[in-house]
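Participant: Listed in order, the protein sequences are those of chains A, B and C.
No gaps in the numbering here: position 415 of the first sequence is 397 in this note's numbering, and each next residue is one more.
Remember, this note's numbering sits 4 above the position in the second sequence when you count from 1.
Remember, this note's numbering sits 8 above the position in the third sequence when you count from 1.
FYI, nobody ran anything at the bench for these hints, they're computed from the structure.
A hint or two may mislead.
If you want the ones that stay clear, here's a sample from chain B, every Cβ over 12 Å from chain A, calculated [to be verified]:
(1) Asp43
(2) Leu247
(3) Leu275
Covered, in the sense of this in silico footprint (three residues per stretch, anywhere, with C-beta under 8 Å from a C-beta of chain C), are these stretches of chain A [unchecked claim]:
(4) 188 to 198
(5) 348 to 361
Calculated cross-link-like contacts (lysine to any residue; reagent style SDA-like; alpha-carbon spacing at most 20 Å) [as the list claims (entries may be wrong)]:
(6) B:Lys164 with A:Ala44
(7) B:Lys164 with A:Val92
(8) B:Lys147 with A:Ala23
Where a beta carbon is used, it is the ideal one built from N, C-alpha and C, also for glycine.
Take a look at the letters that make up each chain.
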Amino acid sequence: MAGRIGALAIAAILLALTFGTLALVGWRAGAGAGGFALGPADWAAVRFTLMQAALSALFSVALAVPVARALARRRFAGRGALIALLGAPFLLPVIVAVLGLLAVFGRAGVLNSALGWAGLPPVSIYGLHGVVLAHVFFNMPLAVRLVLHGWQAIPAERFRLAAALDFAPGDVARHLERPMLRAVLPGAAVVIFVICLMSFAVALTLGGGPGATTVELAIYQALRFDFDLSRAALLALVQFALCALAVGLAAVFALPAGFGAGLDRAAAPFAAGGWRRWVDGLAIALAAGFVALPLVMVGLRGVPGLADLPPVVWPAAGRSVVIALASCLLSVGAALVLALAVARGARWFGLVAMLPLAASSLVLGTGLFLAVHPFLRPESLALPVTVLVNATLALPFAYRILLPEAQGLEAGFGRLAAALDLRGWARLRWLVLPRLRRPLGFALGVTAALSMGDLGVIVLFAGDSAATLPLIVQQLMGAYRMTEAAAAALLLVGLSFALFALFDLGGRRGVAA
Amino acid sequence: MNYPMLAAGISVLALLATESLAQETPAQEKPVLTVLTYDSFVPDWGPGPAIKAAFEETCACDLRFVAGGDGAALLARLQLEGANTDVDVVLGLDTNLTAAANATGLFAPHGQTGSFDLPLPWQDANFVPFDWGWFAFVHDKTKLATPPASFEELAASDLKIVIQDPRSSTPGLGLLMWVKAAYGPEAAGIWEGLADNIVTVSPGWSEAYGLFLEGEADMVLSYTTSPAYHLIAESDDTKAAALFAEGHYLQIEVVGKLAATDQPALADAFLAFLTSDAAQAVLPTTNWMYPAKTPSAGLPEGFGTLITPETSWLIPDAEAQAIRQEALDEWQAALAR
Amino acid sequence: MLQLERVVLAQGAFRLTADWAAEPGALIAVMGPSGAGKSTLLMAIAGFLAPAAGRILWNGSDLGPLPPGQRPVSILFQDQNLFPHLTLAQNLGLGISPRLRLGAADHRRVAAALDRVGLGGLHNRRPAQLSGGQLGRAALARALLRARPLLLLDEPFAALGPALKADMLALVGEIAVETGATVLMVTHDPQDARRFAGQVVLVADGVAATPVATADLFARPPQALRDYLG
């Protein structure tokens, strides 16, 4: 019962932060804004947004499947490190990642240098394909992790059975892997689709021109340059509608896999031999290169400036770590409550958990500002608001990571726990936390790193003293200090990744891989 | 794993609480002047610290900078707050934003007298200029020996440029106005010519400048003063701005006093201080712009090497407001290949 | 005393009725064809399925409002009777305190229960390290610790060999006598019923019939049982 009340309270807060802030912005726009309709430029933005998000989701998921399969059935030195590395791109601050990608794929990048050396014409990264490439870089590794979890959620007993029945790889695919993919892929695709719907800086920087205008950019323009709150609210509503559509479609296509519970026996991976070995090897090598190369470039760019970082960087870094820790605990705690409620059948909590993904962070920040401003000096709330907003925006990711395993937990052990009268804290401590250790670690890592990098919403609340590390990076870039900015960005990436790895490895330790 | 986590969570929240409380406590019982400004004004390497120290020596007050994003974000925030704000002075709006700022009715006349060292006469009743610059395309002399000398030459070349989006950045809007001011009805044609030179359009100045330094473009839209940064701060004389025959568009950064301020005298004193030698001498090597009143010691060494356009453009507020949408549409149509 | 008062169980199109009482301390086998609803009957008594009509009573009070863990019931499922991430001692400890707040005396009780079922010294093992028979014994040991007056067995030993199964049933019998529990045990094997149970509930054709003495039933099997036994 306590869990249910908690889930209701969290749902109420999420609704207030998403629809509440949107309503506040709309209400502040007030009269005189009535009868407003979206213009042709806005509809062009909607079309481009949908197109790039759909392509990005499609490619991310399609490319993730062979990589995840290879990782699921092969064991090799450095496999754990590679899986951890796959968490990195998703956690990079956008501008850092874009510069890293450009160092590889840009005009003066590694790829074009190699092409020029080989006497081939250069390729341009700018345009729709560049936007999709960047989104695949950010999200394909995330999809790999989600799909890999799906593979690992198939109990070893099923693979043992398959081996006993002398299944060929094709049979394993039909009877075990495809049902799992059917259950996992729509969810992964919709998460990535919605993330890309919100894209702003990537689409604009790599899009090559105003043709690459997204809805979020139109909202930014409406809020900052035109101060047209009603148009911003309307566009934010359009975003919600698009996301609702995507989530609805995914719910239709996703079927539960229903593998039941296993006994935690160590899995002997079902490793097909022959040419499949080589295909798997190639998939792993390509994915590792695609992810690692831009990261290496970020590192190379950052190292020269490390020696003369301005001293303000260090307190800012400490502040960012504290914010990230508080945000991730808040976020994962709330996500766990919602995931458990959904696993017990209250499905609508799942929709609420996904709401922040669909919320325009600009509108959310503006709405919160409107809510707080009459009562308190907004900048005095900068840090708590940052924690709250980061936790909220990261919650859908934590929720998606936890949900499948929470469902498996309920299906496999819900009855036994009920029969033994395991409830409340005891259930959490003796059943939920130990059984969900791995996804909890992963979720904490992801949300912590996301909270390190994010700064979008808090601009309105940013105060006199409390600069965070991403803000410092931005300030350095805004003052020509690109070398120091690159070094501070490297520090930011290093800290984000350290937090992520700490939680993720902590979660995986002691759990059979 | 839950108990250590819980403890960590509680300590983290306690830390956050103390930090936000610490901010709440005023330093002393001195009057406080709250100045809302853009992010890059306040850091150690910006003008903020030196200006705060110098002003507090004269005012017996506490000068509090509140950083609120970029120039456009400052205005948006003021509009959200309306008259119910404890901001006294806004520092860092520019001539692309003053029309909208005046229209809010939130600002009071500045009452400052005296002239400014601007290329054009200054007339705004509410805003005082504190620094300014000409927009220009910046390039690397070692890679581009003879830069184009006009938009037409640039459009005819196969040089690659990065510009900022006029819908999200004031330099981007400045470029839009520059082309409109210099070419009027032919502006659309210039944009069509430039379309194949534009590598990409970035959300803000720093992304564009970063792309340029990474070698993604031959030229970037910035300021005639940008090479001074590389020369003075990095002893790097390879960067230069291209002088365009049709003249250059101005960006003038301004400071204004809010009508609702409860510290009107202090606010006036701050406006006067900002155009004094003490403050003006700080700006060239922190904001990397020209001071609005040349300090008695003159400009720093290195500024002498910069190009000096003969023609300066600045479309008056009212007119700029009127043509902005049309110019945006032209720009969008020409670039949406 | 367990009493099923005009109970109707419904799951989709499936319906099962029951209207009888079980003597205290009775050992009852639940038999019937596959899919007839034997497990469904146990799930309803354990509290995982609310009756569509009627009441399930224990000593005259309705069990309806009670969640599964608070009913006077211990249940052993077909599988997954132990948490794989906990040691045997912890799994058994849950039978004493769901919060696993165990004192020295409790630890001694756990050790004694493990000894009682022949698993002495294995308290630090995890379920994956045990054989099928050992898993069953551990689950029984926990039921012994819980000492609920009603023990429901949903074929937990179906996978065991005949000798092992006989051992387990004997153990169940001993535990039932020690704790005075009423036992309902689903089985497919007439041998189990004859050897272990004094009574049989025949589940067939949508009805869970009133318990009858095992000997009488097999002496004069009704048509449904004849069909089932073949």
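Participant: Against each hint, give a clear statement of whether it holds in the structure.
Facilitator: Status of each hint after checking the structure:
Consistency note on aspartate 43 of chain B: stated as away from chain A, yet its beta-carbon is not over 12 Å from all of that chain's, at 5 Å minimum. With a closest Cβ-Cβ approach of about 21 Å to chain A, leucine 247 of chain B is found to remain outside the 12 Å limit, as its non-interface label requires. Separation of leucine 275 of chain B from chain A is adequate, the least Cβ-Cβ distance of about 20 Å exceeding the 12 Å criterion. Under a criterion of three residues with beta carbons nearer than 8 Å to beta carbons of chain C, the stated coverage of the region 188 to 198 of chain A fails, only 0 such residues being counted.
Beta-carbon proximity to chain C at under 8 Å applies to 0 residues in the region 348 to 361 of chain A; the threshold of 3 is not reached and the given coverage is violated. Distance check on the hinted pair: lysine 164 of chain B and alanine 44 of chain A sit about 34 Å apart at the alpha-carbon level, beyond 20 Å; violated. Taking the CA atoms of lysine 164 of chain B and valine 92 of chain A, the gap is near 19 Å; set against the 20 Å cutoff, the hint holds. A hinted pair counts as satisfied when its Cα atoms are at most 20 Å apart, and lysine 147 of chain B with alanine 23 of chain A does not qualify at roughly 38 Å.
In this structure, the earlier hints numbered 1, 4, 5, 6 and 8 are contradicted, and the remaining ones agree with it.
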